[in-house]
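In the order they appear, the protein sequences are chains A and B.
So for the first sequence, this note's numbering puts the first residue at -7; every next one is plus one.
So for the second sequence, this note's numbering puts the first residue at 365; every next one is plus one.
Please keep in mind that the hints were generated in silico from the structure rather than gathered at the bench.
A virtual CB, placed ideally from N, CA and C, is assigned to each residue, including glycine.
Please note: incorrect hints may appear among the correct ones.
[Unchecked claim] Below, simulated DSS-like cross-link-like pairs (lysine-lysine); rule was C-alpha separation at most 27 Å, straight line:
| hint | chain 1 | residue 1 | chain 2 | residue 2 |
| --- | --- | --- | --- | --- |
| 1 | B | Lys388 | A | Lys520 |
| 2 | B | Lys476 | B | Lys562 |
| 3 | A | Lys520 | B | Lys562 |
[Unchecked claim] On the chain A side, residues computed to face chain B include the following (Cβ under 7 Å):
| hint | residue |
| --- | --- |
| 4 | Pro427 |
| 5 | Arg430 |
| 6 | Leu431 |
| 7 | Leu432 |
| 8 | Thr436 |
| 9 | Arg480 |
| 10 | Asp482 |
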Amino acid sequence: MSRIAVLARTVVDQIAAGEVVERPASVVKELVENSLDAGATTIDIVVDDGGRARIRVADDGSGMERADAVLALARHATSKINVADDLVGVGSFGFRGEALPAIASVSEMDVETASADGAGTAIRVLGGEMGEVRDAARRRGTTITVSRLFFNAPSRQPFLRSARSEWRGISEVVTALALTRRDVRLTVVHDGKQVVALPPAPSLQSRLAGLWGAPFAERLVPVDAVQGAIHVSGLIERPADVGTAGRRLFLTVNGRAIRDHGIVRAAEQAYRSTVPAGARPTLCLDVVVPGDLVDVNVHPMKAEVRFRDRWIVERAVEHAVRHALGGSASAASVGPRAWAYPTSFAAPASVDVEILSPPAPLEEGFLAQPTTDFVTAADSSFVAPTPEVPPLLQLARMYLMFEGEGGVVLIDQHSAHERVLYERFMRTLEQGETPSQRLLFPITLHLGPAEGDAFEAHQELFAKLGFEIEGFGGHTLIVNSVPMPHPRFDAPRCLRETLDALSGDRDAGVATRHERLAATLACKAAIKAGEQLSPGEMRALFVALAATTLPAHDVHGRSTIVQLPWSEIERRFGRS
Amino acid sequence: MRFTIAREKLQEGLSAVAASVPAKTTLPVLANLLVETTDRGIRLSGTDLDMAVSTELMADVDVQGAITIPAKKLVEIVRELPSAPVKVSASGEQKITLECSRSKFKLLGLPKDEFPSFPSIRFGESWRIRSGDLQKLISHTAFASSTEESRPILNGVLWELRPDQMRMVATNGHRLAKMEIPINATEVPSSDLIIPPKALEQIRRLFPAEEELEVARGDNHLGFRSPFTAVYTRLIEGPYPNYEQVIPKDNDRIALADRNALIQALKRMSVIASDQTHRIRMSFNSGMLKFSVQTPDLGEAQDELPINFEGDSLDIGFNASYLLEILRNLPTDEVRLTFKAPERAATIEPVGWDDTAKYLCLIMPLRLVD
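Next comes chain A alone, as it looks inside the complex (with noise of 0.2 Å):
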């Protein structure tokens, strides 16, 4: 007997199934996919058990005609490529042809459909094998019914898990099926309870809203920006909100929904120094890549994509999120948002308002001055005059307030002092030395053995900063000049707090430790909360804070800015 056999078409398709049918979730991927390929702008999900027992999507698109319903049920029958050529820039989810019939394998498969409303077709799969195919009056439109899945794959049934765990991930399913086709409206049951009804949307915040609530929607900061041939839009977690929630990640490349850390990795680099170190915030971006850089054909599940040059798509992404995170719409916001937006379909917060803009405004470029221009900035030398400051009051010695556009703004004096001086201090760092003021009687600090390794590890960098130090033997150190970053400075207190803060630290990458040594320097080096400020010293810390490139943040990743909206002030007046 031959012991080599060319393979039944049904197994052939239940191997194939094995590819592209995983779990009841790739089911509601590829069936909506197929759906949105056909043009729907309704699309109704129905779940029973997590799936397991019934899956059923229904589009308004295209439908298909009789003949093609047969053939869309066979092996590769797509109407989406025709040549090899075509699968460069596939714009098209789906195009192998391969998912209807290897689910069909696998399942009960009803498929009802008609291109125009009235005649339609009927068609009942059972196990790869196609059984009677009649008429039925339908809608123009699909509905397919997938039932009992994996029925006759015994190898793959124990794999299933439970309907909870399945559920979850076709949540994740719609949840970017949501996110990336906002115009459509959808609808999905779960064992007979509605538990999404979103309709189209006009932004992605209102959709973002519809999905997780308002107030998670509100959370939010939009992202938009181009670099070169790359366009970067979305929306970000503010970073006084990050970590106060779980974390979701949502990330597409031209409209299709995919995984990628190298694009998570940049982005949360651009928020390096406004939150706490490790704390990871949500996101919510679409990368528009031309066709020929992105190679979408990677990954059986089209999970993952491939870029041809990974490096320029990182880097736009990051620009985008700082270029977003300085603007000062991301500034924390004040009131419970909760009261402000009682349903889920609110619309979107309108937080974005120009936070540093009293009601003369400050040029949206100059807020957002990115940082490789300092470079050309110091060269050109004339720049442009200082903004307009708004009359500043000081509260609490702590906060400095002023009426802007939007509403009551406070500024955390200490806060906006250290983003002002970490800004000097890593551009101290990164391009020279810093002028430094010889002492009269040098300071010595006697250090313990900790400090002492942190100072020997940082001294170069101490010397840049305008520190000049010598050791003394032992632990001692004299020091002989200091930076004047400002007139309160008090040199000896923070070169101690400052060793203090970093004797902790193991070994880092140099521009870590520039970093953090900046950032640990500009907090001890800033002016203190409870610090009586002069009319002089407002100014010149709102000027300098409005320089910045970040100046809604303090290194910590607290907010330096926050509002009072008018809408609050006059909701507790009464007069809204």
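With the hints as your guide, set chain B onto chain A.
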């Protein structure tokens, strides 16, 4: 308590004392002035607890007594009164009536007992100092003291009293001013006192130059007294840094320059100098001093000044505002600057000062970045 006093006399007394009343205070009675009758008339006193000022005014006293009156309101009232005798009377512990011509005021005061008592200083063993000498010391040195709170000792001005001379020194750790004046005070012991500049400012302001002051020390207070007016101040405790050690003795590069021309050039450079460091660069060569300043994000400037310079040429950086402060306080048209090296202290002194006093200022350079 009841007395009558000329309005001008009262206003003069109030202006002397009012400066010692704190603008903000948590102790309500400190916002008041103590008014008490004396053998010669009345005495007005005010204090912020660090410093106290009292002055005695001639007045016709009918009934002895004492009370405290809100300082600000009293000053405002007396300023607006017509030029006529002012009758002040107190009934009970708190009610004050003030009458002048046809105007009549009633004020609420606080009982005298709530007013803090002055430090007890025995003037028996005191130095006798000419007020003019003290004024000269204060106006030439106090400006150099520190305003930061990190080293409280530098917030004060050191006053060294020796049998043959007295000296004042002030520094903020970056610049220093020192002046000494010969005196004759053999009968009292030498002493080193560290005095808050705020009190010195009152001393400079209140006593006429020709008056002779008695100065005496209490436990940690110092009192200055003339026949009618007294100022008391808290002393700052602790050893003053050894300033003698940092005054350079071997500076061998010497510049002579016109003080006004130097000030003008520095002011021009200051326009461009950084707001934080006020850093300017000075290049000394024989015959010419070149200034230059470069501030990132702002711009740059250069200037030149013909001077007399001996020694190897030198590039050195300074905080222009420190230099200007020192130059403004120098009493002569010509000044001498001495240097050793770009990281060492420079000195600035008057040239040809016709005075018994000796004056020296010191300034530490800023590191230049090339």
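Hint check:
Between the alpha carbons of Lys388 of chain B and Lys520 of chain A the distance comes to roughly 21 Å, so the proposed pair stays at or under 27 Å and holds. Taking the CA atoms of Lys476 of chain B and Lys562 of chain B, the gap is about 26 Å. The hint holds against a cut of 27 Å. Restraint check for Lys520 of chain A and Lys562 of chain B: the C-alpha separation of about 25 Å stays at or below 27 Å, so the hint holds. At its closest, the beta carbon of Pro427 of chain A sits 5 Å from a beta carbon of chain B; the interface hint therefore holds under the 7 Å criterion.
Satisfaction of the interface hint for Arg430 of chain A is found here, the shortest Cβ-Cβ separation to chain B being roughly 4 Å, below the 7 Å cut-off. The beta carbon of Leu431 of chain A is positioned within 7 Å of a beta carbon in chain B (closest approach about 6 Å), and the interface hint is therefore held. The closest approach between the C-beta of Leu432 of chain A and any C-beta of chain B is roughly 5 Å, which is under the 7 Å cut-off, so the hint is satisfied. Interface restraint check for Thr436 of chain A: the shortest CB-CB distance to chain B comes to about 12 Å, outside 7 Å, so the restraint is violated.
Restraint check, Arg480 of chain A versus chain B: the minimum CB separation of about 6 Å is within 7 Å; hint holds. For Asp482 of chain A, the shortest C-beta to C-beta distance to chain B is roughly 4 Å, which falls under 7 Å, so the interface hint holds.
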